[in-house]
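Reassemble the complex: the two chains are provided individually, in unrelated frames, and hints are given to aid placement.
Protein chains in written order, with UniProt numbering: chain A, 1 to 183; chain B, 1 to 87.
Rather than coming from a laboratory, the hints here were simulated on the basis of the structure. No residue lacks a Cβ here, since even glycine has one placed at the ideal position from N, Cα and C. Treat each hint with caution, since some may be false.
[Claimed, not checked] One side only, chain B facing chain A, incomplete, derived with CB under 10 Å:
1) Glu15
2) Asp19
3) Lys20
4) Gln22
5) Tyr23
6) Thr28
7) Arg29
8) Lys31
9) Phe36
10) Lys53
11) Leu63
12) Lys72
13) Ala73
[To be verified] The calculated lysine to aspartate or glutamate pairs, modelled on DMTMM-like cross-linking and capped at a C-alpha distance of 25 Å, are:
14) B:Lys62 x A:Glu155
15) A:Lys14 x B:Glu81
16) A:Lys48 x B:Glu86
17) B:Lys75 x A:Asp145
18) B:Lys59 x A:Glu129
19) A:Lys14 x A:Asp49
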Amino acid sequence: MPTHKLDPTKWVDKYSDYLFNYAIVRVNDREVANDLISETFLAGLNSKDNFEGRATERTWLISILKRKIIDHYRKINSQKGQAEVRINYSDSENNGDWLEEQVADTFDRTAEDEMENTELGLAILECLEQINEKHAAIFKMKTIDGADTEAVCKEFNISPSNLWVIIHRARTALAACLEKNWY
Amino acid sequence: MPKRKFFIFDCSKAENCCDKSQYNEAGTREKISMLFHLLFCGPCRKYTSRNTKLTRLIKKSKLKTCSEEEKKAWKNRIEKEIAKKES
Numbered sequence: 001m002p003t004h005k006l007d008p009t010k011w012v013d014k015y016s017d018y019l020f021n022y023a024i025v026r027v028n029d030r031e032v033a034n035d036l037i038s039e040t041f042l043a044g045l046n047s048k049d050n051f052e053g054r055a056t057e058r059t060w061l062i063s064i065l066k067r068k069i070i071d072h073y074r075k076i077n078s079q080k081g082q083a084e085v086r087i088n089y090s091d092s093e094n095n096g097d098w099l100e101e102q103v104a105d106t107f108d109r110t111a112e113d114e115m116e117n118t119e120l121g122l123a124i125l126e127c128l129e130q131i132n133e134k135h136a137a138i139f140k141m142k143t144i145d146g147a148d149t150e151a152v153c154k155e156f157n158i159s160p161s162n163l164w165v166i167i168h169r170a171r172t173a174l175a176a177c178l179e180k181n182w183y
Numbered sequence: 001m002p003k004r005k006f007f008i009f010d011c012s013k014a015e016n017c018c019d020k021s022q023y024n025e026a027g028t029r030e031k032i033s034m035l036f037h038l039l040f041c042g043p044c045r046k047y048t049s050r051n052t053k054l055t056r057l058i059k060k061s062k063l064k065t066c067s068e069e070e071k072k073a074w075k076n077r078i079e080k081e082i083a084k085k086e087s
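Isolated chain B, as found in the complex (with noise of 0.2 Å):
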């Protein structure tokens, strides 16, 4: 996407904002500038809605993941199994 800069913000950093408001970690300032940039950038509404629709997809999904304790456990029966058929 080429870059364009609207109120101090260019495309890239409007892109960053939005990726850190998805995870709630984007300043007050930078956000009301990013609301700004919006507003004359399409590509990067684009993005916007496209970002925070897969937030949404996310959160919909309930996605668990396996802890590292489990992994291990896994890990440490397969590599057994592994040498014991080896031996």
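Extracted from the complex, chain A is given alone in its bound form (with noise of 0.2 Å):
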């Protein structure tokens, strides 16, 4: 079995998209899931001699993260006090009702495609992960930024003709590495 190294100087470079993705759609808010990540990568460096190689870093990561976002719900829960639950039917006539509210609505399914969506985001990052760093930063850029072709170029001090080509074998690749893990 390969063991897996950790290498902290990358971690931002490497899987902060991920992560962010990952963080982002369990707080739904910005500056949680920036928090979130950054104890991330500190609690990931303080275990560090933990780490056995079993794991990829990203998934070892990954469960530093899942850790961290359990204890942010847990401590806001705790500042508001138990749940309660209330139910305010008093007369006979609407008594049970309250019953069918709780039962799961079958054509509500936005939760769950929330959710298939940010899977499918997540797919996307770990094809991204297995072609060319440089080539995989252009394609985010210019992919899911909306960059102008010109800032791409500027940026990474290309040619467009260069852009193209790169878009190009990342596009392929990306397509063949979704088609045998997600379809």
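As structure tokens, this is what we get:
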């Protein structure tokens, strides 16, 4: 079994987008997500010696982030006090209606769709990890951030024709990877 | 893929135009030539459909990236922490 090694100096470049997309959908607040990622990196550094190399760096960081998200919700809930359940049906006619309200609405797939979209996003980022680092950064800037061709060329000091060759290779690799891992 | 040429457009030009169209950066003339090429070229039709599907998936995923400032702040914090541990 291959053993994985940690390289904290590359964590931000390699995994910050992945961790961010994982966190943002779970906490729904950019600032909180940022804090949680920052805490994850620091906790990772502090427990570096416990890393056995059986999981990948990303999986290991995600497991730390998961704990941080759980801690975040625990903290919020302890500040709020205990949850209360109130049933406001005083007349006998409406008695029992609250039970119906507890049943999941099968037509409301919003949350499920959101989750599926996030998983798709993470699958895309996982596939991008497999291509050249610079090509992935160029692809992200052009496709996800929607930057102008001129801006991307200037940032990475490449010609427009070079950019389109890189985009073409990245898209071909990404489509093949998603066909294998997603469809 | 072997290069095939239909209506002044060969496959690499058609693929390039298809890539640009995904970002709305292909010109009208270019797009018309590509469409003619696609009429006769099966592999490029397949490439276009795969490419369009990829664009749809990327949009659907609503992916976000971190800003450079955010990344810089994290990097600084990590560097500081490493330096603290080493000293």
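Each hint, compared with the structure:
no. : hint               : result
1   : Glu15              : holds, 6 Å
2   : Asp19              : holds, 5 Å
3   : Lys20              : holds, 7 Å
4   : Gln22              : holds, 8 Å
5   : Tyr23              : holds, 7 Å
6   : Thr28              : violated, 18 Å
7   : Arg29              : violated, 17 Å
8   : Lys31              : violated, 15 Å
9   : Phe36              : violated, 21 Å
10  : Lys53              : holds, 8 Å
11  : Leu63              : holds, 4 Å
12  : Lys72              : holds, 8 Å
13  : Ala73              : holds, 8 Å
14  : B:Lys62 x A:Glu155 : holds, 24 Å
15  : A:Lys14 x B:Glu81  : holds, 19 Å
16  : A:Lys48 x B:Glu86  : holds, 14 Å
17  : B:Lys75 x A:Asp145 : holds, 21 Å
18  : B:Lys59 x A:Glu129 : holds, 19 Å
19  : A:Lys14 x A:Asp49  : holds, 20 Å
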